[in-house]
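Trainee: Spelled out, the chains give:
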Amino acid sequence: MNIAVCIKRVPETAEAAVNIDSTEKQIIEDKFVFDINEADNYALEEALLLSEKEEGEITLFTVGPKESDEVLKMGLAKGAVKGVRITPENLETLDTYATAKLLAEQIKEGNFDIILTGCISNDFGNSQVGVMLAEILGIPHATLVIKMEVENETATVWRELEGGLLEELKVKLPSVFTIQTGINEPRYASILGIRRAAQKEIKVIENITVEGMKAEVVKMYYPPAGKRAEILEGGAEEVSGKLCEILKGKGLL
Amino acid sequence: MTKDIFVIVEHRKGEIRDITFELLTKGAELKKEQGKLYAVLLGFQNKKMLDKLKPFADSILDIDDERLKDFNAEYYQIVLSHLLSEKKPYVTLLGQTAFGIDFAPSLAIALDMPYSSDCINVEFDNDRLFTERQIYGGKINTRVLLSGNWGYMVSVRPGSFAAGEMKLEAEVTNMVSPLKEEVDYRRFVQYVEAVKGEVDITQAEIVIGVGRGIKEEQNIAMMEDFAKSMGGVLACSRPVADAGWLSKDRQVGSSGKTVKPKLYIACGISGAFQHIMGMKNADTIVAINKDPNAPIFSVANYGIVGDLFQVVPKLQEKVIDLKE
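Chains A and B supply the protein sequences, listed in that same order. Counting in my numbering, the first sequence runs from 25 upward without gaps. Counting in my numbering, the second sequence runs from 74 upward without gaps.
So here's chain A without its partners, still in its complex pose:
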């Protein structure tokens, strides 16, 4: 069973302030720590678990700058055999469709049984690339997969719907699955794995440009203030006192 996993390097912004640069079309990325996109990390782990059950190899694909080699190396250290980094000339303005085309071009020759990626990216959050990739490759897909089992040429997958409801499906391979966070417990790379990864190949695709669709980000801006909480000022002691008074006044304590 050969598995392709599409991963992305993203800035960690969950607990950090995000600022827009002077072009109003990019954020200022300098001070961020970057890591593999969260849902992609679960997709990678799912691939590792599958490859432990069935014989086969994992190949990683990423579209991004040279620094994306970091996330490929991390995946290679965990057990993938090969990484492919695609860095097109128009990387800065790449959209979801262009990204899916670039990935499809590399993946189509690979004879993969399963293609996995995260169901959403932490930066732009479009949730589009995996499904577009399946469409370009002409194979089925299922999104938001929170559990999966593979037997013969069929995968049984459970999609996570709203309110905790799951939808069970049978999908014939080859196919694309977008993986939801929480499906497994992603491992850390071992020291030995990291050493071995240094010997593994990263193929680089450059000097290409690709057209996307006409959905152009014309501007980035900060969300309007709108309704905002009454912020309690002071140190921990003071704000705790203030909050207790408020809650007591409302009969909540």
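Among the hints, a few may not be true.
[Claimed, not checked] Using C-beta positions, here's what the derived DEER-type ranges look like:
(1) A:N43 - B:A294: 35 to 45 Å
(2) B:N247 - A:E39: 50 to 60 Å
(3) A:E209 - B:E297: 33 to 43 Å
(4) A:R211 - B:M295: 24 to 34 Å
(5) B:P251 - A:E94: 42 to 52 Å
(6) A:E48 - B:P386: 21 to 31 Å
Simulated from the structure, these hints should not be mistaken for lab results. Every residue gets a Cβ at the ideal spot worked out from N, C-alpha and C, and that includes glycine.
Chain B: place on chain A using the hints.
Mentor: Relative to chain A, chain B alone:
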């Protein structure tokens, strides 16, 4: 070029989902004089759903086929690519939900339609179509221009628009289902209900929510203890359940539980919209977070900008004192 607005009706187990009415309300506002508002219903034995939809659209395109009873992206792709390329609607609206996410991207590229997903607004400006969407977990907004084609696809985040009262009287057009052979490469099997846990967070009057800011599993105990002092239960946002630090039935949000307690205290939760969907209707919301720009502060009534590891123990101390 038509100026029609299409809304793809979302339903599950025979019930139309709220997002559909939100989209139809918005669609009526977007609609230009020369265009019509259509509800597009793919289902089986649709009578009951058609009756519910009638006041919300000018016209309903009804595709009734047993294979459309439960959602299957592959059947949707066949039916909708057929229908949309024939009718050429100007804007096609659908929900950024487990339903929309699963078929809109492939449909958009099959029809060469520019597509903007997870939008919180959609509007015309000088006859050009713009969407508004949030990136980086709601910390930045973007304005997106869709251009260059006869039609565009926009998927909308649930809760972005309020469903209004509408008094239209839609005419229903029964369309012949274009489905021919069975799709055997993707089959719906069944729905599986979530497993019930020992604590029902939806019944509690006070809910303490804990998020990514808790950092490590061992810190959960301190929050359990705080919840107990408050006389409430401990719940969490997605990252905490994903890590397995609390069970899935404690997760508040669109893919977890919806809670409406008298008091919700969000600790170390930045406020991704999926979480906000599950707790925004609490009577009183308090947020404790390090980042003053965290989206959680726009839904909270009271905010504390600070480190939860300093604030929570102090708060707990004072609560215990007060209760004695």
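Trainee: A separate judgement is required for each hint: does it hold in the structure or not?
Mentor: To see whether the hints hold, each was checked on the structure:
1. Taken as a hint, the range 35 to 45 Å holds for the pair N43 of chain A and A294 of chain B, whose Cβ atoms sit roughly 36 Å apart.
2. Distance hint check: the CB atoms of N247 of chain B and E39 of chain A are about 53 Å apart, consistent with the given range 50 to 60 Å.
3. Hint check: E209 of chain A to E297 of chain B, Cβ distance near 21 Å, so the stated range 33 to 43 Å is violated.
4. Between R211 of chain A and M295 of chain B the CB atoms are about 27 Å apart, so this pair conforms to the stated range of 24 to 34 Å.
5. For the pair P251 of chain B and E94 of chain A, the beta carbons lie near 47 Å from each other, so the given range of 42 to 52 Å is met.
6. Between E48 of chain A and P386 of chain B the Cβ separation comes to about 42 Å, which falls outside the hinted range of 21 to 31 Å.
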